[in-house]
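Asker: Quick note on numbering: the sequence shown equals residues 67 to 429 in our numbering.
These are computed hints drawn from the structure, not numbers from a lab.
Check before you lean on any hint, since a few could be wrong.
Said to hold, decoys possible - Pairwise CB distance ranges (calculated):
(1) 336 <-> 308: 12 to 22 angstroms
(2) 105 <-> 303: 45 to 55 angstroms
(3) 187 <-> 361: 45 to 55 angstroms
(4) 263 <-> 284: 25 to 35 angstroms
(5) 329 <-> 403: 21 to 31 angstroms
(6) 186 <-> 122: 22 to 32 angstroms
(7) 169 <-> 123: 27 to 37 angstroms
We treat Cβ as the ideally placed atom computed from N, Cα and C, and that holds for glycine.
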Amino acid sequence: MVETLRKKARKSNTLRVIFSVIGVVILLAVTKFAIFDVITGPSRMDITADPATYKGKYVTIDAENFLYDYIEHTTTTKKKYGGSTTSTNGYSYLVFQSVADYENQESVWYFYSIYLNKSRQSEMDVKIQQTFDYLNDETGTVAPPDPVTVTGVWNPMDAQTERYFRNALTELGITESDIDQFYFYELDTKNIGGLNAPLFWVLMACAAFLILFAVLSAIGLFSNAYMKNIQNYLQQNSSVSLAEIEEDFNQAHPISTHVWLGKKWTVYMSGNKAKIVTNKDIIWGYYYSRTGRNSVSEMRLFSKSKTMTCIDLSEKHTQEALKIYAVEQPQMVVGYGADLEKMYNKDFNSFMELKYNPAMKDL
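Generate coordinates for the entire structure from the input sequences, incorporating the hints supplied.
Answerer: Now the structure itself:
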């Protein structure tokens, strides 16, 4: 018995490890493995480098000059009974960095875009005003605005964003040249790994859970945890020995691939754990199924202490098991009926008189 149950548990644990690892890889692939960039921290961006160098990377930059909130990002929600509502999510800002070219005694301006949540709109309005105050100052007394440290993913602009970006630059009278460099990239603070940040972290939490699940399953390959339920049963029933259970198991009726119906005990695998039920305590058994999203197919066994044990089984195998119970366990009521359920819940003593009490008197 022990070896049979060990093999079943190992197979279950092996499958759990395999599917968990596959799940983790899928989640990491969906998020473009961005978690590794997040863990190692953002790269400090050199604005003078080829912008393609940072494509899709998690970066940080001290953004200097905010010029224009050139795109308002909104979400429109249709109401159930007609109409719709529109809410603002955030803004794309036209930004530039000024880098001194001492050799030519001039500055090169690098223009790009940053997306920020709407919660920072007031702060950015102040930064925009400070930028224009500094640019329009002829006295040399106005200090440049303090840089804003921004961290996000450096992504190429889509066609529509690029069009708006170009239009914004045209409205400001800025044309591309050696000293005015256009980067058609946006530093996206909303998304990580191509997904919005909350969803990204939910998926990473799922990946962390799967990793933990895989580790615990791997440990289970080399432990006796699968026998814990049976060991607890032996501790609670000191008059029973493992040898007795094994002897009964060896004579048991195998049902499906994971259930064994003995004369005294029913032993079954639930995932990677072996479990045991004392047959003489079972008073009722029937097949239960539920279709749909959370489908269920199981054999339900009820004990004299009114506890329910659910064993995953097909209807065919459940009916096979119930036939054996009907022959070998005369104290059991076999099969479902609405009247039986009502009696079990409302008049338990009468239910016990159906089969259990008369059978116990004959023993």
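Asker: Which numbered hints are broken by the structure, listed smallest first?
Answerer: The structure conflicts with no hint, since it agrees with every one listed earlier.
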